[in-house]
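Asker: Sequence:
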Amino acid sequence: MMRNLIYGLFISTVAVACSIITSTRTKGREVFLNYKRLTEIPYELYYDTSITKISLFGNQITDIEDDISNLQNLEVLYMGRNKLKSFPKAICSLKNLKVLSLAYNDIDSIPDCICRMKSLERIFLSNNKIVYVSDSLGSLKKLEQLDLNRNSIKKLPEDLAYLAKIQFLDLSFNNLDKLPDSMQYMRGLRELNLQYAGALLNVPESACSLRFLEKIKADPSIVFPMCFLAQRTNRLVIYIEP
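Each residue of the sequence shown is one higher than the last, beginning at 15 in the numbering used here.
Some hints here could point you the wrong way.
Result set (SDA-like, lysine to any residue): computed pairs, CA atoms no more than 25 Å apart in a straight line [said to hold, decoys possible]:
| hint | residue 1 | residue 2 |
| --- | --- | --- |
| 1 | K103 | F71 |
| 2 | K103 | P56 |
| 3 | K99 | R130 |
| 4 | K179 | K99 |
| 5 | K132 | E79 |
| 6 | K231 | R204 |
| 7 | K109 | Q159 |
Source of the hints: derived by calculation from the structure; they are not laboratory data.
Use the sequences and the hints to build the structure in full.
Answerer: Spelled out as structure tokens, the structure:
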């Protein structure tokens, strides 16, 4: 258990028949409830406005109550490996959230309300069942990392290309038929994973202007434009993985 206690001062309390491990920091409180077989978020957490981080990885939670909107100081929320059937719209009210992980659930779409989460910097949604991605995702101007690997996405909204600060984009193992034509607006992009992102997927010519791009992972079926190959620099490395 000591491996999970990162900071110097730790407090243990008992709630919902399990131990809530917390870390007290100068700027807030962190709660770790990983692998506790929880079916819901402990109710008292919804009213502790000092919480800045919650980790609930590896439980059996199916939904999030609207009361989570009370946690306006929450910056990090880890809820991977739960039983969420849809993207919990209640978390769209968390305007100061910077890191969101909902990986390894059963989510099938990204809702429009995500546009309200203006502070998001990193989103992890891998290993879900996502088919639909809202145009609103493109309005997250602070987003630096987006992980959508191992879903069932067929189409990406053109507005996704307006994520000017995005640095790491993982689209691997999806069913994409095309990439946004306006990729040149992803000016900060450094790493792009397209491995098995879609059969015979074409990289648009607009990607040629991505001067900070350092690494691309692809499979043999990915089709690169001639201008892209001609403009390769020492900075860019393309990995073709079978």
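Asker: Each of the hints needs a verdict: does it hold here or not?
Answerer: Here is what the structure says about each hint:
1. K103 / F71: holds, 19 Å
2. K103 / P56: Distance of about 18 Å is within 25 Å: holds.
3. K99 / R130: Answer holds: K99 to R130 is near 21 Å, not above 25 Å.
4. K179 / K99: violated, 30 Å
5. K132 / E79: holds, 21 Å
6. K231 / R204: Holds, at roughly 12 Å.
7. K109 / Q159: holds, 18 Å
Hint 4 from the earlier list is the only one contradicted by this structure; the remaining hints agree with it.
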